[in-house]
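Chains A and B, in that order, give the protein sequences. With the first letter of the first sequence counted as 1, position 188 gets the number 187 in numbering that gives the first Met the number 0; the numbers rise by one all the way through. With the first letter of the second sequence counted as 1, position 312 gets the number 311 in numbering that gives the first Met the number 0; the numbers rise by one all the way through.
Simulated from the structure, these hints should not be mistaken for lab results. Ideal Cβ positions, reconstructed from N, Cα and C, are used throughout, including at glycine. Watch out, some of these pointers could steer you wrong.
[What the hints assert, rightly or not] Far from chain A, by Cβ distances over 10 Å, these chain B residues were calculated:
hint: 1; residue: 13
hint: 2; residue: 61
hint: 3; residue: 115
hint: 4; residue: 195
hint: 5; residue: 217
hint: 6; residue: 255
hint: 7; residue: 295
hint: 8; residue: 299
hint: 9; residue: 300
hint: 10; residue: 316
hint: 11; residue: 337
[What the hints assert, rightly or not] Under 8 Å between C-beta atoms, here's a sample of chain A residues computed to sit facing chain B:
hint: 12; residue: 112
hint: 13; residue: 116
hint: 14; residue: 119
hint: 15; residue: 135
hint: 16; residue: 138
hint: 17; residue: 141
hint: 18; residue: 143
hint: 19; residue: 178
hint: 20; residue: 179
hint: 21; residue: 182
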Amino acid sequence: MAEAAPTVQLLSPDGVLQSDATAEQYRPYIDALSDEQLRQFHRDMVVTRRFDLEATNLQRQGQLALWPPSHGQEAAQVGSARAMRHQDHVFPSYREHAVAMIRGVDVVDIVRLMRGVTHGGWNPAERGNFHLYTLVLGSQALHAAGYAMGITFDGIATGDPETDEAVVVYFGDGATSQGDVSEALVFAASFQAPQVFFLQNNHWAISVPVSVQSRTPLYLRAGGFGIPGIQIDGNDVLASYAVTRKNLDEARAGDGPRMIEALTYRIGAHTTSDDPTKYRLSHELESWIARDPIVRYEAWLRSRGEGDAFFAETATEAEDFAADLRKRTLELTVPSTDRIFDHVYSESHPVMDGQKQWLADYEASLGAEG
Amino acid sequence: MSDTLAKATGPATGTEQLTLSKAINTGLRRALEDDEKVVLLGEDIGKLGGVFRVTDGLQRDFGERRVMDAPLGESGIVGTAIGLAFRGYRPVCEVQFDGFIYPAFNQIVAQLAKLHYRTDGAVSMPITIRVPYGGGIGAVEHHSESPEAYFAHTSGLRVITCSNPQDAHTMIRQAIACDDPVLFFEPKRRYWTKGDVDQEITPATLSMESARVVMAGSDVTLVGYGPLVATASDAALAAADEGVSIEVIDLRSLSPIDFDTVEASVRKTGRLVITHEAQQFGGLGAEIAASITERCFDYLQAAPARVTGFDVPYPAAKLEDHFLPNLDRLLDAVDRVMGKRNSLTGWGNR
Ligand SMILES: Cc1ncc(C[n+]2csc(CCOP(=O)(O)OP(=O)(O)O)c2C)c(N)n1
Chain A
0 MAEAAPTVQL LSPDGVLQSD ATAEQYRPYI DALSDEQLRQ FHRDMVVTRR
50 FDLEATNLQR QGQLALWPPS HGQEAAQVGS ARAMRHQDHV FPSYREHAVA
100 MIRGVDVVDI VRLMRGVTHG GWNPAERGNF HLYTLVLGSQ ALHAAGYAMG
150 ITFDGIATGD PETDEAVVVY FGDGATSQGD VSEALVFAAS FQAPQVFFLQ
200 NNHWAISVPV SVQSRTPLYL RAGGFGIPGI QIDGNDVLAS YAVTRKNLDE
250 ARAGDGPRMI EALTYRIGAH TTSDDPTKYR LSHELESWIA RDPIVRYEAW
300 LRSRGEGDAF FAETATEAED FAADLRKRTL ELTVPSTDRI FDHVYSESHP
350 VMDGQKQWLA DYEASLGAEG
Chain B
0 MSDTLAKATG PATGTEQLTL SKAINTGLRR ALEDDEKVVL LGEDIGKLGG
50 VFRVTDGLQR DFGERRVMDA PLGESGIVGT AIGLAFRGYR PVCEVQFDGF
100 IYPAFNQIVA QLAKLHYRTD GAVSMPITIR VPYGGGIGAV EHHSESPEAY
150 FAHTSGLRVI TCSNPQDAHT MIRQAIACDD PVLFFEPKRR YWTKGDVDQE
200 ITPATLSMES ARVVMAGSDV TLVGYGPLVA TASDAALAAA DEGVSIEVID
250 LRSLSPIDFD TVEASVRKTG RLVITHEAQQ FGGLGAEIAA SITERCFDYL
300 QAAPARVTGF DVPYPAAKLE DHFLPNLDRL LDAVDRVMGK RNSLTGWGNR
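This is chain A alone, in the form it adopts within the complex (with noise of 0.2 Å):
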């Protein structure tokens, strides 16, 4: 069995920065860090989970068919997502909610896909490099895989992080056991792919804890790969940042892929499909309600003289963003029927014009009859 390695923690649920040495090699990545962008990262998580609870409330109030919240993830979400750069390539699974947001996806393209106007949602080259939600558990590994081998056959690394690409898959402790994860491990590995594979470890998938998808933690996974592997906090939004930003440095660098586990936990249910109840206990909730991501994180802020009013500031800044996604949600209208036959292949083909033809005919005719 490989060695277990600290688990990476800068903030103590409580709010106070560690000192150990594992905290103290990734203090540089922090104190490189401006008071704004600091207080950058404590907006993003109120507004994802301000996100997260107004699109719950959508969904029973019928405007969503589901929502899949991010509740409690959002402090591995936010730190990975703000260590990227801006050439970087995003490959998620369908929770990254914070992450799309920060890469720059409009939150209603997401909200479209789970109210069922698209399947996809939004052209990851105008959405920084945030490719479309995947749900079939692990697909998106292999797609990262290939984009990182495709930076690597370029071979355009330069030394320079600035511009040097990388890539991120995000995916949950279930899909660790999809064969496409351990594949894209394989070739990532096999063609030393400057990709980052990001694992939400929210222990539950579904209803199956994380014990049937592993009797090992998972990120001594990656050694068998021959991919480093390091396990941090993922409710301290400091250890995912520092830790994401140093491995992608590294993989871009063309050091080789790397993978982080982040210890987090699903607040929420499932989806809104979803009851929790029936399969865990509340004591486990409650103890990790006790880490709150959030909580833990305004500790800090206020530990190093953030005030009242920023705190203020935000919550008003998340109730506008929760008010304007309701009222353009509720603004978002069903798209031409025509539309489900383009786009099928690259050029427009006989079969589908005919069958839109056809069907445009058929509902026309209904119509006059009616």
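Following the hints, complete the assembly by docking chain B with the ligand onto the known chain A.
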């Protein structure tokens, strides 16, 4: 279709005799020359040149970055090809044998086929997946299958297959130049068939999407593809001796299907026989029979007949001759659509 074929610059080399496998090899070579974004990945395709030697010499001439021995995982090969396509590459994957495509099924039907659609056309997936397929070579299990229907059923994919060296050469280049994902099925028992190959591609060159009338005829339309086009042609010659004129059509594209060519033929002949090695149920034959019946029911003088593999797993090699459609079974079906009584009526309508 991308403009890579149009800007292909290599000198025309004139016509030469090549095996089907070599014809694909030269097609791959031309594609690698024409577009630096073309990369090949698959198992054993480098030094070895693939288990059928289709990629022979390509790694030597284009290097390990253009012609890659991938780690041994089909899902990985197709999945990373998708990532490479996102990056602007034009990957050509080799799946070593038909029966080994299934580990990549999710990546092909649930990912690759849909990405252009899901991005509202913003992203293209110009990926070609080469698959040696079909039986008749006395192979062990999983090496003789015809899985084309699974992919033909999937919207967003193009599924094509070649039957002769010229088409093999032209079609692999057209497939690679195409901006859509293409499943390119190679009839492995015809790899060693020789034929003239002209490497020049002009606007007049038949497109991979159009069916080809192999032999004109007036009594029966016999539709086949891939390995059975040769068998169908033999059947047409044999039938001619008995005074029956068969029009043989090589489908070439299995999705989308060039129904116009088949329809025009059936309007003329009034009779349709379809053949493939794949199992009958839910196969291409069923689709063609249904579509052509819808299109030209009034012209049909007999119910369409299918000559296919049986609805059983592909049998052990010593029994495969009993499974595969052959000349006699084709002639038998021709008899039936001609209204001649014979011992068989097709197992569906007994
Ligand atoms: C291949 C596949 N199998 C099953 C599912 C159904 N499913 C959706 S989410 C999920 C659990 C995923 O758990 P995990 O990977 O830990 O991610 P989390 O939802 O906890 O973020 C399952 C089984 C799926 N989407 N894809």
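Hints and how they fare:
no.	hint	verdict
1	13	holds, 32 Å
2	61	holds, 12 Å
3	115	violated, 6 Å
4	195	holds, 31 Å
5	217	holds, 28 Å
6	255	violated, 5 Å
7	295	holds, 16 Å
8	299	holds, 22 Å
9	300	holds, 27 Å
10	316	holds, 30 Å
11	337	holds, 32 Å
12	112	violated, 10 Å
13	116	violated, 12 Å
14	119	holds, 4 Å
15	135	holds, 5 Å
16	138	holds, 5 Å
17	141	holds, 3 Å
18	143	holds, 6 Å
19	178	holds, 6 Å
20	179	holds, 6 Å
21	182	holds, 4 Å
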